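For the protein sequence lines, the chains are A and B, in the order given. Heads up: the first sequence begins at 1 in my numbering, then just goes up one per residue. Heads up: the second sequence begins at 1001 in my numbering, then just goes up one per residue.
The set of hints was computed from the structure by calculation and includes no laboratory data. Remember, it's a predicted structure, so these values are computed and weren't measured experimentally. Heads up, a few of these hints could be off.
[To be verified] Pulled from the structure, derived: some chain B residues nowhere near chain A, Cβ distances all over 12 Å: (1) Leu1005; (2) Val1011; (3) Gln1017; (4) Ser1067; (5) Arg1076; (6) Gly1098; (7) Leu1099; (8) Asp1100; (9) Gln1155; (10) Arg1158; (11) Phe1169; (12) Gly1177; (13) Gly1188.
[As the list claims (entries may be wrong)] Straight-line C-alpha distance at most 20 Å; calculated EDC-like pairs for lysine to aspartate or glutamate: (14) A:Lys52 / B:Asp1062; (15) A:Lys424 / A:Glu398; (16) A:Lys254 / A:Asp311; (17) A:Lys506 / A:Asp369; (18) A:Lys52 / B:Glu1174; (19) B:Lys1134 / B:Glu1102; (20) A:Lys506 / A:Asp458; (21) A:Lys52 / B:Glu1170; (22) A:Lys254 / A:Asp181.
Even for Gly, the Cβ is constructed at its ideal location relative to N, Cα and C.
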Amino acid sequence: MVDLDMSEPPFSLLNDSAREHLRAGLDLAYFARDTIILDAGQPGEFVFVIHKGEVAELDINEAPERSRIGHYTDGDLFGAISVLNGTSRYRFIAEQESLCYLMPGQLFLSLCDSEPAFAEYFRNRIAEKTRLMSQRRSQEDVSLADFMVARVSECQREPLVVASTTSIGEAVRILRDRQADSLLVEWQEGLVEEDSSRPGKGYGMVTRTDMLESLVLEGADPELALSAVASRDLVGVEAQQYLFEALIEMTRHKVARVVVWSGGQLVGIVELTDVLSFFSSRSYVVSLQVEQASDLDDLRAASQRVPEMLDSLMARGVRMRFAMSMLAALNGRIIHKAWGLSMAEPQRSACCLLLLGSEGRGEQVSRTDQDNALILADGCDWPNLADDATHFTNVLAELGYPHCSGHIMISNPQWVGTLTQWQKRVRSWVAEPGPDNLMQLSILMDACSVAGDLTLGDRLRDILITETRGNEVLLSHFARAVLQFSTPLTLFGSLKRPEHGIDLKKGGIFPIVHGVRSLALERGIRATSTLERLEALVIDGRVERRDADDLGEALQVFSELRWRTGGSVPDINEGGANRIVVQSLSSLERDLLREALHIVREFKGRLSHRYHLEYA
Amino acid sequence: MNTMLRALRRVADRRRQAQGDYGWLFNPYTGNEMVSLDCETTGLDPKTAELVSIAAVCIRDDRVLTSESLDLRLARPGSLDGQSICVHRLRGIDLDGGLDVEEALTRLLDFIGNRPLVGWCIGYDLTILDRYLKELLGFALPNATIDVAQEYRRQLRRSHPEVVVSPEFERVAERLGVPIMGRHTALGDAVTTALMHLRLQNGALQEPG
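Same shape as in the complex, but just chain A (with noise of 0.2 Å):
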């Protein structure tokens, strides 16, 4: 009589004759209230799992205060290292008295010897768990997910390379003759960029509106190379990414066929109209609306469905990285066009908007505040700044980005100037690094430019570099906010009211994102998104790949919970979607909630020590 949910990771990952065998070997067993059920050192003899009560993890050798490291309830699994390690590395002590199954050891080894899908769980890190919590997600709709997990490689052409020597006449013949819409054209001696260091340098493209145009507008000769009219800027992606991700690269740059390499080779093109043929999901559909939009009242049509399409994208299993991703160039390109809408030349074009906060990093699991700022161009004459910059936030307002209660928005002169006036005030937050300058200077550092001129973007970003570089006190400053918020492996599970739940922005999201931002600060990175910070910080050698890699896993478990609890409908009432009750977590995701937040607290520990902020 075994009342075992085996439904989820890892008994799901049993088959049915060894669930069988599984329930036919498991023993009952009590532990009152305070009785050590497994002590550190103590041999693993049983695999232990937890029908009702609750059980703490401790590191006999922390103080006290820190030693808790772990927090076990209804279903959760525990001891399994142990069993494999021989001993246990750390105590379990039943925190309410507690009914547990016992596995004997000799019966997980086995299990583990003939499954190899259940053994891999406790060897797994936390990006595999993440894995198996998409994939649940998705179960409703298999087919679907693995529609849209498809890979690049899976949907890629066969490349048409030629000589850029090849005449126009001979190319318009060979697209005919292939059925072709695109040649790619490979560089002849001497024509290479030397400057270039990104793969396919010795590539370019060229399709046929290029040379429609170069014929037709610009009466080019038929007997023109190629190397004349052919692009030299090619949008790439790997043979082994998502398909998905090819179309983030396509929206991203409103080009309509990306190369596929593999290993630093040219292997094939992937064109719009075969990822549309791949999957007619509502996520180009929005794009393709954003794009076409040609007054504001298009743009909100389109704008409306983008929560829904987050919503969609994730009920099929999509990984939270990715939904993340497309929600940035979508929230982008919609910014993109109403500044465009709304704002008249030549200062469109002439200043820059940069988006800040979340949607700077690209981090959002829904629709929050609007925060943004401006850069105006040196000399620009602009009359009716005030209320044109009114006007743009009321438009962004309408279009499903509510107004920022901390005022930080074009509308607030304080967040708009000219690159002198921003080096300016970079200077004076730096000088005297309190409270509330050092938010405003971690607000900034997370601006991407998304209209107008993107050059001054980036001198911003070399105005921020400079004037931080090498400057360890304010870096000091500057991370202690990391510390700011317990992160709550005490209060896991055990509050005196488990509907207060624990907050994950808090406790998981904000040491993460501030940490790297931190790091990224110190060592002079542009990147705004934590994932692309964390991969720069790693080619820096500042970060270890493994670290990086927990981390960014570790905050999307954080951000999938949260938008699990939420749902994409922006929470007015501030704190009430970025709390989580455990108890109402299956144990395959309490279990990968404790690990990130495991993780969250050793890069805790070695930020305080890399800049010292344990003397604070």
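Chain B: place on chain A using the hints.
Coordinates of chain B only, in the frame set by chain A:
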């Protein structure tokens, strides 16, 4: 009175069975194990009710060894009717291929041996089992017994003398914080009873609340 009759019966049985196959059952038990027992039957009157299923699970120290359990279904008894099916949910068809009573009792005896028996109102189950055993083998179960319902009543009277109790299975399980596993299946009730017994032994009623 009942206990005394059982004791007398046991003395007589032991003498008679001393040289038989089951003589060992009458040896006193010295180990640290117990067996929780539960039967599902066709009725509530122990004089006429017939066995439908029998389950037993071993208890060692503070553990319920569900991996060492016995779960027997019997061949369809004559008196199986709609009313009892409603209780234990075993229809006639579910009992197809069940064991005959002799085979089932032999396996039960081999499983429980001379270990003490634990059960919820165990007197009822024993009366029925003894009725069959006397007919087939000529003796009644000699094992020491613990009635969890009575144990509960006794402990509660000691800590809360003012409360008048007529314990109900579900209510007691809830009071002791024991999850009810598969109510009205023999094995489920046997496991739940075993857990209640462990809780009572560890002083669950002495705790506040």
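Please check whether the beta-carbon of B:Leu1099 is more than 12 Å away from every beta-carbon in chain A. Holds, because the least Cβ-Cβ distance between B:Leu1099 and chain A comes to about 19 Å, which exceeds 12 Å.
- prompt: Looking at B:Gly1098 again, its CB stays over 12 Å from all of chain A?
  reply: 18 Å, holds
Beyond 12 Å from chain A, beta-carbon-wise, is B:Phe1169? 15 Å, holds
- Item | Least C-beta distance from B:Gly1177 to chain A larger than 12 Å | 7 Å, violated
- prompt: Within 20 Å, alpha carbon to alpha carbon, are A:Lys424 and A:Glu398?
  reply: 33 Å, violated
Practice task
Starting from A:Lys52, check that the Cα of B:Glu1174 is at most 20 Å away, please.
Solution key: OK: A:Lys52 and B:Glu1174 at ~13 Å, within 20 Å.
- Item | Least C-beta distance from B:Asp1100 to chain A larger than 12 Å | Given a closest Cβ separation of 24 Å, the condition holds.
Between A:Lys506 and A:Asp458, does the CA-CA distance stay at or below 20 Å?
-> 30 Å, violated
So B:Val1011 supposedly isn't at the interface. Is its beta-carbon more than 12 Å from every beta-carbon in chain A?
36 Å, holds
**Asked** Regarding the pair B:Lys1134 and B:Glu1102, is the alpha-carbon distance no greater than 20 Å?
**Response** 11 Å, holds
Original post:
Is it true that the CA of A:Lys52 sits at most 20 Å from the CA of B:Glu1170?
Top reply: 17 Å, holds
12 Å cut-off, C-beta based - B:Gly1188 kept clear of every residue in chain A:
5 Å, violated
Hints 4, 12, 13, 15, 16 and 20 from the list above are not met by this structure, while the remaining hints are.
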